[in-house]
Amino acid sequence: MTPSLPTELLRTILRYSSTVDVDFDAPVTHPVPESSWFVKFEKDNMDKLETKIAITRVCRRFRRIASDFRFEFVGIATANQALKLGEMLKKQSSNGVPGPREWVKFLFVRCPESNTRLITKILRLCRNLRGFSWNPTTSRTRFQNREAVQDEMIQNIPINVRYLHWNARVDQANTFAAFLHKASASLQIFYINRAMCNPTSQRPLMHVSFPSLTHLQVEDTYPFQPLVTWTMPSLLNLDLISHYSGFQPATLLSNVGTSLRVLRLGWPFRLGRPLLSHILKTCPNLEELHYRHFTFQRSESSIWVSDATHLNLKKVGVHAVRAVADVALSELRIYFGPISKSRFPSLDTIIVVADSGSPLIPHNAYLLMTRDSEDFLSAKVTVVTTM
Numbered sequence: 010m011t012p013s014l015p016t017e018l019l020r021t022i023l024r025y026s027s028t029v030d031v032d033f034d035a036p037v038t039h040p041v042p043e044s045s046w047f048v049k050f051e052k053d054n055m056d057k058l059e060t061k062i063a064i065t066r067v068c069r070r071f072r073r074i075a076s077d078f079r080f081e082f083v084g085i086a087t088a089n090q091a092l093k094l095g096e097m098l099k100k101q102s103s104n105g106v107p108g109p110r111e112w113v114k115f116l117f118v119r120c121p122e123s124n125t126r127l128i129t130k131i132l133r134l135c136r137n138l139r140g141f142s143w144n145p146t147t148s149r150t151r152f153q154n155r156e157a158v159q160d161e162m163i164q165n166i167p168i169n170v171r172y173l174h175w176n177a178r179v180d181q182a183n184t185f186a187a188f189l190h191k192a193s194a195s196l197q198i199f200y201i202n203r204a205m206c207n208p209t210s211q212r213p214l215m216h217v218s219f220p221s222l223t224h225l226q227v228e229d230t231y232p233f234q235p236l237v238t239w240t241m242p243s244l245l246n247l248d249l250i251s252h253y254s255g256f257q258p259a260t261l262l263s264n265v266g267t268s269l270r271v272l273r274l275g276w277p278f279r280l281g282r283p284l285l286s287h288i289l290k291t292c293p294n295l296e297e298l299h300y301r302h303f304t305f306q307r308s309e310s311s312i313w314v315s316d317a318t319h320l321n322l323k324k325v326g327v328h329a330v331r332a333v334a335d336v337a338l339s340e341l342r343i344y345f346g347p348i349s350k351s352r353f354p355s356l357d358t359i360i361v362v363a364d365s366g367s368p369l370i371p372h373n374a375y376l377l378m379t380r381d382s383e384d385f386l387s388a389k390v391t392v393v394t395t396m
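The sequence shown runs contiguously to residue 396 in the numbering used here.
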């Protein structure tokens, strides 16, 4: 008779076969991320749900072992799903065995905002959450006391969450800022979008440190002022997709410290020489810089014509509007030509992507410029197809 594997070893094998973690080190092939890390994380793990169900059908032992991670990742898209989950969570575990309340570790919410109260009840019971995604759809009918209902939900998000994905309007910035302050010690990945706050409702800014935060993506957030007071000593990846009037990225970058490895600037940021110089000086360990550009014409002096140097920068990604993508390769080489090996010894790769297809850059493709001499004036240019 073949000896069976120990239960703990079997549990580890089954869990890893049906779980997908966040890939922090995935190679960058596109200057602009197609989705946030949390969205991909959600999709990959929800796609594994069929695998988990199949595991529970193998035998009684597998079903018993898999029960504690079958509901580790839960998605809610309708009020009915929220009600069913709420009923399941009300069941208390017995004999010290982990039950439904301990099983749920990641909650992905995409139901209408009118179901916020249901989500609040679920959050009260899921105190071991590691990740929460609030990505609600717009309700067809306006529900009463929206601000108070949202405040109550925010106050019930466990403060030990590591991953937070917030894609919704914030009615009371103070409540949200207070929650982030409480969760600052544990938060590792944070995506925030559509948090349109009333600046007159925000209290005086207070300094907050996020010692564990490694990934931050900010998009269409106006004007979430507490951001400029944050200290993030462990931040590796920063995406600033948009900004509001008066926001200075240089101020935020000064609070990041020397840890930053990847920086992406969205379409509202005009990367000129002063900002580029500040980035290179403030972020000595930066390895990737991605930004949008609006002209490669010879009359426009390249931002790379300066005395700036950087030892660790390895890759530059430029997202160009269509008109820019139609320029000749010679003008691209002139624009990036000043990037020399003596000033940027690690920078050998430049990626140029267009908003849409063009004669120079076809649809679903990008230009890969590789330095094969002292500078990029004679760089090798390859068209790389992504699909």
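Since the hints were made in silico from the structure, they are not lab data.
All values reported here derive from a predicted model rather than from experimental measurement.
Do not rely on the hints blindly, as some may be mistaken.
[Stated by the list, open to error] DMTMM-like mimics (lysine to aspartate or glutamate), calculated; alpha carbons at most 25 Å apart, straight line:
id, residue 1, residue 2
1, 191, 96
2, 49, 340
3, 323, 384
4, 324, 340
5, 130, 160
6, 323, 340
7, 191, 297
8, 191, 161
9, 389, 340
10, 130, 180
11, 49, 96
12, 323, 229
13, 100, 53
14, 130, 81
15, 100, 111
16, 52, 357
17, 324, 296
18, 93, 180
Evaluation of the provided hints:
A C-alpha spacing of about 29 Å is found between residue 191 and residue 96, which places the hinted pair above 25 Å, so the restraint is violated. Distance restraint check for residue 49 and residue 340: the Cα-Cα separation of roughly 36 Å exceeds the 25 Å cut-off, and the hinted pair is therefore not satisfied. Under the criterion of a C-alpha separation no larger than 25 Å, the hint pairing residue 323 with residue 384 is consistent with the structure, at around 14 Å. Under the criterion of a C-alpha separation no larger than 25 Å, the hint pairing residue 324 with residue 340 is consistent with the structure, at around 19 Å.
Restraint check for residue 130 and residue 160: the C-alpha separation of about 13 Å stays at or below 25 Å, so the hint holds. Restraint check for residue 323 and residue 340: the C-alpha separation of about 22 Å stays at or below 25 Å, so the hint holds. Note on residue 191 and residue 297: the hinted pairing is violated, with a Cα-Cα distance of about 31 Å set against a maximum of 25 Å. The suggested pairing of residue 191 with residue 161 holds, with an alpha-carbon distance near 15 Å, which does not exceed 25 Å.
Restraint check: the Cα-Cα separation between residue 389 and residue 340 comes to about 14 Å, which is no more than 25 Å; the hinted pair holds. A hinted pair counts as satisfied when its Cα atoms are at most 25 Å apart, and residue 130 with residue 180 qualifies at roughly 20 Å. For the hint pairing residue 49 with residue 96, the CA-to-CA distance comes to about 28 Å; that exceeds 25 Å, so the pair is violated. Proposed proximity of residue 323 and residue 229 is contradicted: the alpha carbons are some 29 Å apart, above 25 Å.
Only pairs whose Cα atoms come within 25 Å are accepted, and residue 100 paired with residue 53 is rejected, the gap being roughly 28 Å. Our distance criterion of 25 Å between C-alpha atoms is met by residue 130 and residue 81, whose separation comes to about 18 Å. Proximity of residue 100 to residue 111 is assessed by CA-CA distance (about 11 Å); at most 25 Å being required, the pair is judged to hold. For the proposed pair residue 52 and residue 357, the alpha carbon gap of about 33 Å is over 25 Å, so the pair is violated.
Pair hint residue 324 plus residue 296 holds up; C-alpha atoms about 6 Å apart against a cutoff of 25 Å. Between residue 93 and residue 180 the alpha-carbon distance is near 28 Å, which puts this suggested pair outside the 25 Å criterion.
The earlier numbered hints that this structure contradicts are 1, 2, 7, 11, 12, 13, 16, 18.
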